[in-house]
Amino acid sequence: MNILEFKPKYPREKQIMMLLNGDEAVAYATKQSYVDVVAAYPITPQTIIVERFSEFVANGEVHTEFIPVESEHSAMSACIGAAATGARAFTSTCSQGLALMVETLYIASGLRLPIVMAVTNRALSAPINIHGDHSDAYLMRDSGWVMLFVENVQEAYDTTIQAFRIAEHPEVQLPVSVHLDGFFLSHTMENLYVLPDEAVYEFLGGPRKLVKVKVDYFDEEVDYALNPAKPLSMGMLAFYDYYFEIKTQQVEAMKRAEKVIVEVNEEWYKLTGRRYGDGLVDPYAMDDADIVIVVMGSSASTVRSVVKKFREKGVKVGVLRVRSFRPFPHKTIARLLKEAKLVAVLDRAASPGSMGALYLDVISSLYMEKEKPIVINYIYGLGGRDLSPLLVFKLIEELAEDLKRGFVPEEKVVRYLGVRE
Amino acid sequence: MMSSSGLKTTPQYRIWLFEPGIKETRPLIFNLRQLAEQRTSALLPGHRMCAGCTAPLVVKLASFAFRGPTIVVSPTGCLEVSTTIYPWTSWAVPWIHNAFENAAATASGIYAAINALKKTGRLKYDHVDIVVFAGDGGTYDIGFQALSGMAERGDDVLYILYDNEAYMNTGIQRSGGTPKFAWTTTTPVGKVLPGKPQHKKPIAEIMVAHKILYVATGTPAHWLDFMKKVRKGLEVNGPAFIHALSSCNRGWRVEEALSVEVLRRAVDTCYFPLWEWTPETGYLLTDRSLVIARNPALKQPIEKFLEIQARFRHLLRPENKELVKQIQEYIDSVWEDLLRRASNVPR
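These protein sequence lines are chains A and B, in that order.
Using my numbering, the first residue of the first sequence is number 1, and each one after it goes up by one.
Using my numbering, the first residue of the second sequence is number 1, and each one after it goes up by one.
Keep in mind that the hints were calculated from the coordinates and are not lab data.
Being a predicted model, the structure only gives us computed values, none of them experimental.
Beta carbons: idealized from backbone N, C-alpha and C, even for Gly.
Hints may be right or wrong, so weigh each one.
As the list claims (entries may be wrong) - Straight-line alpha carbon distances no greater than 16 Å define the calculated EDC-like cross-link-like pairs of lysine to aspartate or glutamate that follow:
{"no.": "1", "chain 1": "B", "residue 1": "Lys-119", "chain 2": "A", "residue 2": "Asp-197"}
{"no.": "2", "chain 1": "A", "residue 1": "Lys-9", "chain 2": "A", "residue 2": "Asp-197"}
{"no.": "3", "chain 1": "A", "residue 1": "Lys-14", "chain 2": "A", "residue 2": "Asp-142"}
{"no.": "4", "chain 1": "B", "residue 1": "Lys-321", "chain 2": "B", "residue 2": "Glu-307"}
{"no.": "5", "chain 1": "A", "residue 1": "Lys-230", "chain 2": "B", "residue 2": "Glu-19"}
{"no.": "6", "chain 1": "A", "residue 1": "Lys-247", "chain 2": "A", "residue 2": "Asp-142"}
Said to hold, decoys possible - To spell it out: a stretch of chain A is covered by chain B in this simulated footprint if at least three of its residues, at any positions, have a beta carbon under 8 Å from a beta carbon of chain B; those stretches are:
{"no.": "7", "stretch": "28-40"}
{"no.": "8", "stretch": "115-124"}
{"no.": "9", "stretch": "235-241"}
{"no.": "10", "stretch": "355-362"}
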């Protein structure tokens with residue numbers, strides 16, 4: 001396709017510009033996504049999502065049933081019940097709330113229910129803290145959810161809508177979480193473009209469609225739902241004779257999700273003119289980069305703006321923003337990073353006794369490559385500590401020195417960024 | 001599973017199918033012969049509950065009283081693990097298990113989904129009833145928060161507690177439903193402690209305090225009373241709660257042949273009075289408990305309930321007479337209190 005000739009189906013003039021913060025953008029996207037059930041419990045900084053959505057319900061702007069549950073555990077439990085009945089279900093939480101619902105996150109994915117959840121990433125207690133880091137997201141890393149990290153409010157809106165498409169794709173049928181950094185995105189107002197309602201409805205193909213499953217007491221395939229016309233049992237007991245196969249099917253579905261995320265990203269581009277890299281990763285100035293900074297979430301904007309300055313000075317530095325944390329695009333990342341000389345992976349959560357979760361995934365992606373860069377891990381921004389442009393400036397200078405030296409001693413592989421000595 | 005072996009023609013193996021658009025409400029049948037001929041249970045034979053367990057009786061009797069399309073929710077527990085061992089299921093109706101503490105929240109989600117689907121013309125049933133069958137652990141203890149939340153929100157769900165008075169699925173550990181001085185593996189009878197030190201939590205009274213639309217107690221030994229109560233619980237347009245006492249021969253250390261008898265004795269001794277409550281009528285005694293209220297001479301001493309269960313064996317030793325007296329006094333005070341509150345008791 002010739003980029004000059006390309007015109008999206010909804011060019012900017014056909015979209016509506018709004019001034020919203022991240023939470024409001026998510027709530028607005030949910031409103032447009034023909035969601036049947038929202039079950040949620042308030043927690044800072046997610047609260048605005050629930051508040052705005054309650055207003056849509058109170059004003060009769062949506063057909064959605066809103067369940068004001070008594071805990072996050074019940075929020076996810078109700079979403080599971082709703083999705084099992086065939087509804088499109090949504091919830092939102094973060095931090096302690098996410099920690100409380102972890103048990104049911106595994107059940108949602110194990111039952112293959114396409115629930116969508118917005119997570120306004122926030123630090124975990126103790127000490128209690130309401131600001132943004134990724135410790136809550138890392139907590140759900142292995143729960144079988146597709147995890148997409150967004151960089152700005154526009155992307156929070158876009159990704160929330162995309163999440164329903166990815167989750168409900170017949171080849172995927174997995175829950176999807178959309179991660180926006182608490183306060184950095186949840187409470188920051190931005191201008192963004194939104195689609196008209198009917199465009200979102202069309203993009204999602206209308207209401208949720210059920211997949212069919214084979215049950216041996218019916219001759220024909222039946223809807224995978226709690227249906228009095230064709231009853232089936234969900235959430236059964238499976239021991240060593242079946243559990244393993246059920247879990248490996250989940251792993252395979254997650255692999256297929258990788259392809260679907262790319263497709264949906266491309267389709268969104270044709271619809272709106274917006275896309276985020278290939279959907280999985282969003283590279284910037286990577287082509288000839290000696291130094292690459294790997295980062296997730298809102299910090300990518302800060303890093304990119306500083307990298308731009310260094311590029312102007314002729315320093316060969318690039319940025320690789322990871323958008324899809326699960327499924328983790330190992331091959332793409334290996335391909336993009338193997339030519340670099342030095343890679344710094346920024347983790348906004350610590351794993352006491354090990355290294356950052358993103359770092360571990362990046363180095364395991366590179367392990368099978370013959371030529372590989374030195375990879376350093378930076379732990380930064382815990383409890384919402386700001387990653388300022390000055391800090392990124394110092395980081396790149398430090399990396400440039402490491403590159404000049406040509407090696408990094410073992411004790412300097414994992415470093416802190418922006419912590420007081 | 002069915003067509004090849006010809007089981008489709010055997011009525012007891014019938015899967016319940018309700019075509020969309022169905023209007024009729026199935027009448028409640030009181031005649032045993034008609035019941036046997038015209039109704040099949042929502043719990044199919046072949047499940048792996050213990051011989052002598054009365055939890056399947058609770059489910060079967062309740063399902064005889066179902067009105068029509070029904071979705072069942074079970075939290076983790078004996079009933080769940082023994083009836084749905086993949087790839088087999090004993091459930092003739094749509095059934096879901098989520099986790100231990102969230103049956104009520106799961107039911108709320110189902111209720112909301114049904115409303116949303118009906119509102120948008122995607123579900124074509126007049127009503128789809130939602131019934132929870134939960135054990136005492138999943139109700140008194142770990143599941144209580146979700147239950148209380150569901151009751152407060154007023155979701156139209158019938159929650160049936162089958163109370164076997166301990167964590168029987170994990171091997172007889174005490175729960176909030178275990179009675180005072182009962183032996184369990186976590187309240188063993190030792191040199192210092194004579195079983196569980198605390199009384200049973202008055203769970204049905206707590207649900208009355210939630211001011212929901214219907215609360216009742218029942219046992220499968222009083223089957224007609226129980227079925228009527230299930231139907232009433234389904235008919236109200238809001239949350240309903242039924243506390244069904246259910247004996248466990250493993251945990252109560254009672255002979256299999258006495259599993260129904262022990263429930264009869266629980267009512268005869270007023271250990272477990274039968275009543276129902278609605279906001280309009282208040283407390284009403286029912287069935288055998290009403291008979292006892294009218295003729296107090298029929299009330300049996302608590303020993304009649306204790307003596308056939310080895311979990312209370314230590315209480316029958318002469319040195320523990322005082323403990324039995326304590327239990328009797330507690331039961332009497334609860335019963336007297338109920339008599340004062342029930343509006344259909346002769347005064």
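So, going through the hints one by one against the coordinates:
With a CA separation close to 19 Å, the supplied pair B/Lys-119 and A/Asp-197 exceeds the 16 Å bound. Between the alpha carbons of A/Lys-9 and A/Asp-197 the distance comes to roughly 14 Å, so the proposed pair stays at or under 16 Å and holds. Restraint check for A/Lys-14 and A/Asp-142: the C-alpha separation of about 40 Å exceeds 16 Å, so the hint is violated. Using a Cα cut-off of 16 Å, the hinted pair B/Lys-321 and B/Glu-307 holds, with the two alpha carbons roughly 13 Å apart.
Distance restraint check for A/Lys-230 and B/Glu-19: the Cα-Cα separation of roughly 9 Å lies within the 16 Å cut-off, and the hinted pair is therefore satisfied. Restraint check for A/Lys-247 and A/Asp-142: satisfied, since their Cα atoms lie roughly 12 Å apart, inside the 16 Å limit. Under the rule that three or more residues need a Cβ within less than 8 Å of chain B, the assignment of the stretch 28-40 of chain A holds, with 3 such residues. Taking a C-beta to C-beta cut-off of 8 Å, the stretch 115-124 of chain A contributes 0 residues in contact with chain B, too few for the three needed, and the coverage statement is violated.
Residues of the stretch 235-241 of chain A with a Cβ under 8 Å from some Cβ of chain B number 5, which satisfies the need for three, so the listed coverage holds. With 0 residues bearing a CB less than 8 Å from a CB of chain B, the stretch 355-362 of chain A misses the requirement of three and the coverage assertion fails.
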